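Engineer: Sequence:
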Amino acid sequence: SLPGGSFQQLRAAIEWHVAASGGRRAVLVGLSLGATYAASFLSCGLVDEEWKARHVERLVTMSGVWEGTPRSPLDVLSGRLEGLEAVLPRTEVRRLVRGIPALAWTFPAPPPAPAAPAEAEAAAEAAGGQGQGVGAGTADPPILTNTARGRNYSAGQLGEAMLDAGAPEVAAFWQAALPFARTPAPNVTTHCFYSYGLDTAVHVTYSQPDFSDARPVVHYASGDVTVPYSSLAACRGWSGRQAAPVFSASYWGVVHGMLTGLPEALQD
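Position 261, counted from 1, in the sequence shown is what our numbering calls 261; the numbers after and before it change by one each time, with no gaps.
Hints were generated in silico from the structure; no laboratory data involved. Because the structure is a prediction, the values reported are computed rather than measured. Heads up, none of these hints are tricks.
FRET-style restraints, in silico, Cβ to Cβ: (1) 268 <-> 210: 43 to 51 Å; (2) 151 <-> 22: 58 to 66 Å; (3) 208 <-> 264: 37 to 45 Å; (4) 255 <-> 205: 18 to 26 Å.
Glycine included, C-beta positions come from ideal geometry on N, C-alpha and C.
Sequences and hints are given; from them, build the entire structure.
Structural biologist: Now the structure itself:
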């Protein structure tokens with residue numbers, strides 16, 4: 001965190017509110033990228049374990065983008081942004097989204113280094129249930145395919161894809177965000193809520209060498225429309241990487257970010 005940066009501002013705000021409430025610890029609530037942001041803050045080194053024990057009671061996350069999503073490179077390459085492409089030329093939307101650094105932060109995370117046996121066992125156990133395994137193995141499958149160029153791009157090669165698409169600024173954003181692509185365990189009591197069962201992009205095939213296809217071929221798997229299941233459920237693997245407890249709950253058929261309107265989730 002840079003001096004005066006947003007993490008330092010967040011730390012100061014938490015300290016102020018805890019002091020103003022007579023020492024009552026804060027509950028941090030994060031939705032979508034806000035969940036990723038909160039967990040990253042708690043593991044960034046700006047706050048130590050003693051500070052967290054004094055100031056944070058728990059972290060509650062909904063639809064956290066823990067290991068990125070193929071939807072982000074799809075939006076950047078194809079010029080998509082919340083339906084804006086329906087009212088503006090796609091070239092203009094493409095130019096706009098390529099100037100948003102936060103999207104590169106949510107590109108799919110390259111696989112981690114091989115886990116220790118105990119950690120791998122915990123991650124494998126957490127992966128039980130719906131969708132793809134969480135942290136299972138270190139394979140780096142293709143996220144993008146460009147048939148005109150005759151090549152695939154894995155999560156670790158998305159910077160090359162951006163350069164091939166004529167988007168060097170996105171490649172630079174991606175390179176800067178790469179150390180933060182995979183959210184570390186925050187080591188506070190964590191409640192992780194997410195959904196599954198809806199078609200969600202996991203692989204995209206382009207036929208134009210500059211990725212300018214109006215309708216690329218999208219392959220889907222289970223998720224919440226925006227984020228695939230494996231990324232949403234990655235927080236379950238934290239139970240093997242932190243001392244503080246991790247509680248998780250999943251809900252079928254709820255669109256990304258809409259858990260706040262689900263009575264069952266609010267009750268849980």
